[in-house]
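Trainee: Chain residues, written in single-letter form:
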Amino acid sequence: MMRNRLGYYIKEGFTGIFKHGFMSFATICVITACLIIMGTFALLAINIQAIISNLESQNQIVAYIDENLPDNEAAGIENEIRRIENISTVRFVTREEAFSNFLAKYENNSLFSDLDASVLKDRYVITLKDIAEMEMTRDQLISIPGIVKVNAHLEISKGFVTLRNIAGLVSIALVLMLLLVSVFIMANTIKLATFSRREEIAIMKIVGATNWFIRFPFILQGMMLGIAGSMFAYLIEWGLYYLVAGRLAVSNTFSFITLVPFDMITLPLLISFGVLGLLVGVFGSTSAIKNYLYI
Amino acid sequence: MISMYEVYKSYENGTSAIRGINLTIEDGEFAFLVGPSGSGKTTIIKMITGEVYPTSGVVSVNGFDLSRIKRRQTPKLRRTLGVIFQDFRLIDKKTVYENVAFAMYVLGKSNKEIKQRVPYVLQLVGLESRMSCLPAELSGGEQQRVAIARALVNNPQVIIADEPTGNIDPARSLEIMMLLEKINELGTTVLVVTHERELVNRFSKRVIAIDAGRLISDGMGGYYEYDEE
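First to last, the sequence lines map onto chains C and S. According to the numbering used here, the first sequence is numbered sequentially starting from 344. According to the numbering used here, the second sequence is numbered sequentially starting from -6.
Take the hints with a grain of salt, since some may be wrong.
[Unchecked claim] Interface residues of chain C toward chain S, partial, derived using beta-carbon atoms under 7 Å: (1) Arg348; (2) Tyr351; (3) Lys362; (4) Glu543; (5) Ile546; (6) Ile549; (7) Val550; (8) Gly551; (9) Ala552; (10) Thr553.
Think of the hints as simulated: they come from the structure by calculation, not from any bench. Glycine included, C-beta positions come from ideal geometry on N, C-alpha and C.
The following block holds chain S by itself, in its conformation from the complex (with noise of 0.2 Å):
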């Protein structure tokens, strides 16, 4: 579960980017969190992740108390969830098996562990004949695909996928959020940000909006509430 209470985010430059945000996203849930560039979705994901903190105010993720936790505890936390990204961050000499692997000896996972859930998460995202490609050799939706394997393959409780259909075609796009739906209906909660009106309104999902650091609308439904434009 992830939730913030009056979370307030400056940066040392001055800049203010979250402005008393509140906020609950129950286990299991699925939501899209939208914005226009500079609102702040990016800091909500640093804060999520522990990779800033917040100003004041509570963010509380899978248990730990991101305004209180010491940075060893930080490794921790990071292992409740699969972060994926826009740019796929794949380690560029390893192989598809290799960069989900990874993941699992971070875990201290054994070799046989690993190699009975490495194929079965690569299958779960159509992959399994191109284990032993590198990343150079893959599509950008096969790309995205792997990174989606190495956020499953330790059984996240949070899936956070920041603009993770940015840089793929939009069949490929829509492909690649069947599969996150298709991860939360196994019951792994999951968290888009995403800028893709189109794709939002194409699933009947909770929308979270912000707009220079405030929560500016929170909603079920299948549609785009924000407008960018």
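The following block holds chain C by itself, in its conformation from the complex (with noise of 0.2 Å):
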């Protein structure tokens, strides 16, 4: 008996799709339309804390060395600066090194010809997994033996702390708001797709249907609805990426811009499509006939 009925409720979904062809043509349109709209402000959300990333890992310290320290036990310093948690790269800087890069930032160096590399000391360049730590960074720096001076630009460090917070309240705040704005649009046009079908239901019930043998269908149907929606939207929003992405590598406006590559958010982005789309198209119908079932 439940195999006939699986054969029956299997059948009823795939057909209620195309016998109602335009209300499943609509149902899809709509979820495609909402995913892209959210996934659209998810991905740049992504991308404007990638980008905050990059630029918080170019604010370095740069620990000074004692002049009176031997080369070896100086360069012995890269292990103490490793200890420490939050370093993420350690790059040690002979004097003469950061002299020319010194020089190299002006294009009228000769004012600094005078000068030779003695006047500087050799140093370590480091970047930081996390600049919200850098103040505490900077005193454990500043503690090992052999580190006389350490500059860090704590200032900059909070200012982009803070531009990272906010950023990701307001992308989180409004990817909430799209996704419950999505929702409820699905919800109600699948709520509408099957309000043309609330007759076949009554029918359904006169004859003796249970409400899960009622269900089963819309519920199927619900599902492949969601799916093909979430699928078609990852689509578009994959060509969309790609054009964005190149408009961007040849732009000379933004050539700054570099977008995280869409390989790295591909399977989020496919399982959060799928995800909502199945959850939306299964609630959407289960709620949508609840109110024809009580019959």
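From the two separate chains plus the hints, produce the assembled complex.
Mentor: Structure representation (structure tokens):
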């Protein structure tokens, strides 16, 4: 008996989509549109976070080494620095390299022709994992014997942390709002599609169909429409992303922006679209027919 | 068997639809239920099909006590009934065959059983050549015959026909009534709600008349005892 019914549910689920072709098309379009809008905002937020992180990583700390320290001891300080948990990269810069870097910054460097590298100190250029902990890391660095001075742009790091927090909050709030609006619109579209079938449900009830017998084909349909909508949304989003990334790559104005590679976000995007489309399809259709079942 | 004992039904808006009805329709009977609009005929039908419940009294249909029935038992009650409506209530996107077959799917019947039974029932109502038509391609009389086939396909104990001839011409109406009579002769209880005096008078059957929610006459005879005018 269950096998007979299962066959019926699957057949009804599929044929229902095509028999109510226009409503199915409208439902898929709305799900696709909502997911694209929401997905675009989410991708925008991810890229803003990535850009901020990239800028943060360029905010370096410079630790100057005691001039009187022998070279081998100066090199040994690197191990001490690496023991600090928040350290991401450490690079030893000799006074000569630092001096040539200094000169390279200025076009008219003849002004500094009287100077030589001895005026500078050997140093370590350090980047951090989390610049929110820059102050603590600076204190840890300065306590290492052999380091005489640490230059850390605390005010810039604080600015970045504030920017990152605000951008994060705004992104989450926007994506959540869009998610709510999208779920509402998608569920209502499915409800509208089901409204035209209330008479059919009433007939099923009168011939003795149980509520689950009526629900199953609708749920199956909702699932299929939801997944179809999310797949279309994913493909369109994928196309749009590559288009924008391509344009940015050749743009002179926005050349400093590098988008997160789509490969890195493929799986999370696919899963979130799929799950969202599926859930909206299932819950939208379940709640849509609820009112017609109690006769 | 359908029995009603001291049945009262009041709706939430205060309307008293049924006021103390006592009634029994035995297995295998054919009965007409007549009365003017608003007399309570539809409420009686809805109580029999489990769409509304009595406010007080006892309604028993094919062994189900409607005053105590649980919601999940209602589909089981409805499977013992075949209901025919004035507006046919066919699914317009399904063919004649599918409209009849889906009533069997509801009961979990196998495809083999369905393929055997549906053509047989459609032949019984004279629609074997119209199986693949959509309802919109049929006349009113033919649509009603599809509804009768659907009602009949699961061998119900009782067939309830709510104004079955209300939307079809007199010649086709007579055919429908004769079809219902034939079904009754095969052993199924038939209850027909109608306004059509001529039609009632042509059949020598039991006529139950109600007005303002009360039973006003109940007797055998080929006449419409209750006069609406």
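Trainee: Looking at the structure, which of the earlier hints fail to hold?
Mentor: none
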